[in-house]
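Chemist: Chain residues, written in single-letter form:
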Amino acid sequence: MSPLYEPWDEKRGAEIIAENSKHEGPTLVILHALQEAFGYVPEPAIPMVATALNLSRAEIYGVFTFYHDFRKQPAGRHVLKLCRAEACQAAGGDALAARAEKKLGIAIGNTTADESVTFEPIYCLGLCATAPSAMLDGRLVGRLDEKRLDALVAEAQR
Amino acid sequence: MKMRIFVPRDAGAIAVGADEVVAALEQAAAKRDLPIQIIRTGSRGLYWLEPMVEVATVKGRVAYGPVSPADVPSVFEAMASNGPHALRLGLADEIPWLKRQTRLTFARCGVIDPRSVDDYRAHGGYKGLERALSLTPQAILADVTASGLRGRGGAGFPTGIKWKTVADASASRKYIVCNADEGDSGTFADRMIMEGDPFVVIEGMTIAAITVGATKGYIYIRSEYPHAVEAMNAAIAAANRAGFLGTRIGGSAHSFDLEVRVGAGAYVCGEETSLLESLEGRRGLVRAKPPLPAHKGLFGKPTVINNVLSYAAIPFILDNGAKAYADFGMGRSRGTMPIQLAGNIKFGGLFETAFGVTLGELIDDIGGGTFTGRPVRAVQVGGPLGAYFPRALFDTPFDYEAFAARDGLIGHGGIVVFDDTVDMAKQARFAMEFCAIESCGKCTPCRIGSTRGVETIDKIRSGERVAENLAVVEDLCNTMKFGSLCALGGFTPYPVMSALKHFKQDFGPAPTRLQAAE
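Chains as they are written, first to last, in the working numbering: chain S, 424 to 581; chain B, 26 to 543.
Chain B on its own, in the form it takes in the complex (with noise of 0.2 Å):
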C-alpha cells in the first residue's frame, strides 16, 4: 500500500520551504523504493511548524514539524517504520494548540485535498447547500439571521440582513460579490480558506446567491495573492465539472456563474464600495453611502458583498443549524472568529475560537509570547486601522462590542504583536503615512489629513513645539475619523490616538525617548 503524506501548498507553507519538502520526499521515496502519495492540503495554521508534514497511519494523521528539506531522509524514515524523531508531534488532531480550538468554519483547512470536490464532501461538504435546496429563501434567511452572523470582514453587520435586503429588491439581476481583498497586515485567514478549502467559499456564494436570487458571483482578490487566486480558479473549475456551479446546481432550477477578478495593488479597494468601483472597472474610489450597495451595488444592481470569512461560515449554519452556530460567543459577537496571531509572537497562525476569548489569553497563553523573548508591550488588532493596545487592556474580551467600548476594533481579527523596542510614535506615523499612500483622494480629511498628520508627527519627533503639534494631530484625527467617507481615514485615527493615549513616553524628540526608554 502507498503511503499517504500531506504537505501544505498553503503560501505561507511555500515561503518556508514546502515545495523543497516535497521534492526531498520523493527523492527519500525514490531511494529506498517506497511507493508513496503525496497530498498537497492547505496549512492547519501552525505556522511556527510550518512545513509541517503529514502521514496517514490506523490510528490517524502523525505529523512532523518543522521539517525542512535536511530533516527529511530521517523524517521519512520515522514516517516509514512509525518509530521516534524528534520533530514527531504525534497526532495531527491531537496537537494541543488544534484541540483547543473551535474549528467551525476552518474544519477542513489543511485537511483536505483543496483542488478535490470530493475529498470536500467526503468530510461534509455541500451538505449545507443540500438543505438550502430544500428551503425557501424565507427559511434560509431565517436561519443566517438567528445564526447571529456578522460581517468578518471587519464591519460586523448582521449577513441575514444585509441578504434580507437584497433578496427583497426586485431587479433584472443580482450579484454576490465576495470580498477577498485582504489587505489588513496581520490577517491571512481568507488567504489561508481560499488556499485550504476553497469549496466552502463557493458553497456559501452558492446558498448566498439562491437565497437572493442571483445568478452571476464576483470573488476579488488582490493581486498579492497569486496562489490564492490560483487555488480558487482550480476549485470553480472543479465545482462547474461536478454540477456544483454553473446552470442547474445540484439537479435544481438555480443557476449561478462564479468568476475570479484579481486587483492590482490598491488597499483601499477592501473598502467594499471601492471594491464595486475597481469590479466595474474604474479607479477604486469610494461611493457615497446610500445607496447601499444591497440596494444599488454591481453595475447598480443589488449585491450581497461580504468577507471570504462570512461565506466561508454560511454552510456550517445551513448543515448544523443556526442554533448550533449561536451557541458559540459571547453578547452579540456569536459564533466562532478565526483569529490570526502574527508578528513577533512565538506560535503565530490561525486560531478559531469561540467570541469572548481575552486578549492576554491569546497573546500570553495560546500565543507563548514574542519569539523574540523580549517582553511585549503593544498589541495591534484589526489591522493597519485598528487601535494598539498595551498589556493594561489585556483583560479585553474578543468580542466586537468590548472593544469598541475601550476605542478598538477586532477588524478581521488580525493581532500584530510588537515586543519592548517598539518605537510607537513611528508606528504612529506609519499609520498616518499608509493612509496616504493608500488614500483613494476622494474625501479632503483623508487625502490631506493622513500628509498633515505624518508632518506633524515628525515634527513631533524632531521636538518641535511639542505640546501645540499633539494638539495638532488630536485635531486632524478628529476632523480624519468624524469627516472622512469610509473607514481608511475614519479609522486611522485608532492606531495614532491608541499609540498617543497608550504610550504618550514615545511622543517628543528622540533622546528624551531613549532616556525614558533607558
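In isolation and in its complexed conformation, chain S is listed as follows (with noise of 0.2 Å):
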C-alpha cells in the first residue's frame, strides 16, 4: 500500500504554498505539505516558495536541506525505515540491519535499482519497550527478529 502521490505541477504547487502561507512560520508546514501531495519537494518549488514568503532562495533552500525528511528525489515505491537508535541495538538492531541490508542488496540510506524500496535508519519511533521496531510506508511494526523483519522485507518488495 504505497502512497500515490501527484507529478509535479506548478500551478498545484503555487497552490499549496498560498494554501499554507498563512501561518505563523509557515515555511516547515509548506515544504511538509509539497512533499505530501508530490512525495517530494520539486526543486523548482524551492524559488516560488521564496518568493511567496518574500525570503530568499537560500534561505528556503538551507531549510530543506537542513531536515532529514524533506527528500529531493521522490523515494522508492516503499519506504522502510528501521530504527537505528540505542534502545533498538540493545535488542539486536545492528544484526537486523545488516540482514535487511543484504536482503534487498543494498546499504540503508539508499532505494533499490528497480525503484521498489527505499530503505531508511530512522532514530527512534518511541517503541523502545517492544524494540527492535520499523516502520514500513507509515505502518508501525515493533518487536522485530529475523523472521518478522523477513516477511516485512517481503511485504515492502512485492
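Careful: at least some of the hints might be erroneous.
What the hints assert, rightly or not - Under 8 Å between C-beta atoms, here's a sample of chain B residues computed to sit facing chain S:
no.	residue
1	Leu304
2	Gly368
3	Pro409
4	Val441
5	Asp445
To be verified - Negatives, chain S to chain B, calculated, CB over 10 Å:
no.	residue
6	Tyr428
7	Ala521
8	Ala530
9	Thr534
10	Lys570
Simulated from the structure, these hints should not be mistaken for lab results.
Backbone N, C-alpha and C fix where the C-beta goes; we use that ideal spot for every residue, glycine too.
Each chain sits in its own coordinate frame; assemble them with the hints.
Modeler: In C-alpha cells:
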C-alpha cells in the first residue's frame, strides 16, 4: 500500500504554497505539504516558496536541506525505516539492519535499483520497550526478529 | 448490555498488533452475536503485555495480555463467561507492576478514551484549570514554585521560576510552547501521554497561558510520532468544541489557541532554542543564550517553553495542591518521574514513581533484567547524551543531583539496558557519530569534534596508537563539553567518557577485546 503522489505541477504547487502561507513561520508547514502532495520537494518549488514568503532562495534551500525528512527526489514505491538508535541496538537491531541490507542488496540510506524499496535509518520511533522496531510506509512494527523482519522486507519488495 | 472492551490505540501497542486484535474481537463478537463496544485507550505502559486488552466487569476492568489475534476467540470466550484463561491477568489496577507505581501524571493514561473530553472530566480532568481560574496568577505561580517541579525535558530547571520570568515580562504577545520533540532513544513518555491522555497536556498548557498572559500556544511534535500528532490534533479539536480552548475558556475572560506543528527529523530541534527557530520556519540552529526564551523566545516574544511531561504534571499540582506533589521525591527532586525502561529488558515500559528509587531496583527488580536472559552489563540513562553506567553504580538513586555527582544525567528519564554482548567502544563511537549526523553545525566543537571523535575511536578500535588516541578522545570530549553552544555537543562526552571510564577494556584492537571477553 504505497501512497500515490501527484506528479509535479507548477499550478498545484503554487496553490499548496498559498494555502499554507497564512501560518506564523510557515516554511516547514509548506515544505511538509509539498512533500505530502508530490512525494518529495521538487526543486522548482523552492524559488516559488521564497517568493511567496519574501525570503531569499538560499534561506528556503537552507531549511529544505537542514531537515532529514525532506526529499530531493521521490522515494521508492515503499519506504522501510529501521530504527538504528540505542534501545533498538540493545535489542539486536544491528544484526537486523545488516540482514535487511543483505536481503535488499543495498546499504541502508539507499533505494533499490528497481525503485521498489527505499531503506532508511530512523532515530527512534518511541517504541523502545518493544524494540527493535521499524516503519513500513507509515505502519509501525515492533518486537522485530529475523522472521518478522523477513516478512516485512518481502512485503516491501512486493 | 453491551460488553465494554478496552484496547490501546497507543503506537507501541499498534506496533505489536493492537489493530489486528480489534478486528479479531469484532469478528468474534459478530460470530457469537454479542453486542460489544470497543474503546480505544492509551497504553498502561506494561509493554511486554501489549496488546493488553481489558473488559469491564462489576468488579472493575479485567486485563488479558499479551493478546495476539489468534488468541482472541478464546480470550473473548473467557471475557464473555468471566472464565479462566492463560492470558488473564486479573484486575488491571491490581497488576503488581502497576500497583507499586505512583501515578500522578499518568493516572489516566490507558484508562480513558483520549478523544473524549467527557471521559477526561469524569476522571478528574480540568479540575486543575477550574481551580487555576479562581486564583490570581501570583497564587498559581506560588503553587507551581512550591511544588518543586523541575523541567522534565532533562535540564531540570525550576518550572515556577521560568513561568514567573515570562509572567513578569511585558509584551504585546506571549507564547506557550510545548516541546514534544522527544528524540532520545529509550524515551517514550511524551508519546504515551499525548496518545493516551492528551487533554492533560492541553490543560497544563492552558494553565500556563492564563498564568503568564499568553494567548497562543504551539505543540512541536516530531514527525516520527504520527500517532501522537493525530491524537493531539483530535484532542485540540475536542477541547475547542467543549469550550476549553479558544475564546472565553471555561466561561472566563481568558483566550488561548493551540496548534500542533510537526518537526522534520532533526534531533537537535529538541533543544529549546533550536525548536523555536524551527517553529519560526528556519533551520534548527541553536541560539546563544542569553537572551533566554522567557525574555525573547518565539518570534522574539516572551515564551514559556516546557517539555510535555512538565505541562502534564501541572493539573495535578493545581488540583491537589503543591504539597501533595512535593511530598514525593528526595532532595531537590520533588514529585514523581515517569521512568521509561527500554532496550534489552524483560519488563519494559513506563514506571512512574517518586524520585529516589535506585537504578538497581529499576533494572533488576522492576525491569526483571534482560529479555535475552544474559547479565546486564551497561545501562544508558537519559538518552543518547546520557552516561553509560555499569552495575557498580546501580546504587545511584534516581535524582538529578545524585546522577550529576556520578557524571551522569537522568535527562528525560529513559533507561536503555544492554546485556554482556555489548561492545562499549562501538557505543562510544555511535555517540560521536550520532552527534555528527545531528549537529546543527553552528558551533565548531560539536560540528567538527564529533567527526574527529568518530575517526579517533575508529583508530583505537583498529589498534592504532591506542594510548595516544585515547588521550585525543579525552581532549576532544573536554573541548566539546566546555565549548559547545548546547547540550548536543556539550553532553555527547557523557556517553563517550563514561564508556571509557567504566569499560576501558573494550577500547583497543578487536582481537584483544575478544580475548578479554572470553
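Chemist: Regarding the hint that leucine 304(B) lies at the interface with chain S, is the smallest CB-CB distance below 8 Å?
Modeler: Result: holds, 6 Å to nearest chain S Cβ.
Chemist: Minimum C-beta separation from tyrosine 428(S) to chain B exceeding 10 Å: can you confirm that?
Modeler: holds (17 Å)
Chemist: Just checking, threonine 534(S) versus chain B, shortest CB gap more than 10 Å?
Modeler: holds (17 Å)
Chemist: Under 8 Å, Cβ to Cβ, is where glycine 368(B) needs to be relative to chain S, so tell me if that hint holds or is violated.
Modeler: holds (3 Å)
Chemist: If I take the minimum Cβ distance from lysine 570(S) to any residue of chain B, is it greater than 10 Å?
Modeler: holds (14 Å)
Chemist: Using Cβ atoms and 10 Å as the threshold, tell me whether alanine 521(S) really stays out of contact range of chain B.
Modeler: At about 13 Å from chain B, alanine 521(S) clears the 10 Å cut-off, so the statement holds.
Chemist: Close enough to count: is the Cβ of proline 409(B) nearer than 8 Å to one in chain S?
Modeler: Because about 6 Å separates proline 409(B) from the closest Cβ in chain S, which is inside the 8 Å limit, the hint holds.
Chemist: Let me know if the C-beta of aspartate 445(B) comes in closer than 8 Å to any C-beta of chain S, holds or violated.
Modeler: violated (12 Å)
Chemist: For the hint on valine 441(B), does the least C-beta distance to chain S fall short of 8 Å?
Modeler: At about 5 Å, which falls below the 8 Å cut-off, the nearest Cβ of chain S leaves the hint on valine 441(B) intact, so it holds.
Chemist: Classify the label on alanine 530(S) as holds or violated, using whether its beta-carbon is more than 10 Å from each beta-carbon of chain B.
Modeler: holds (15 Å)
Of the hints listed earlier, the one the structure fails to meet is number 5.
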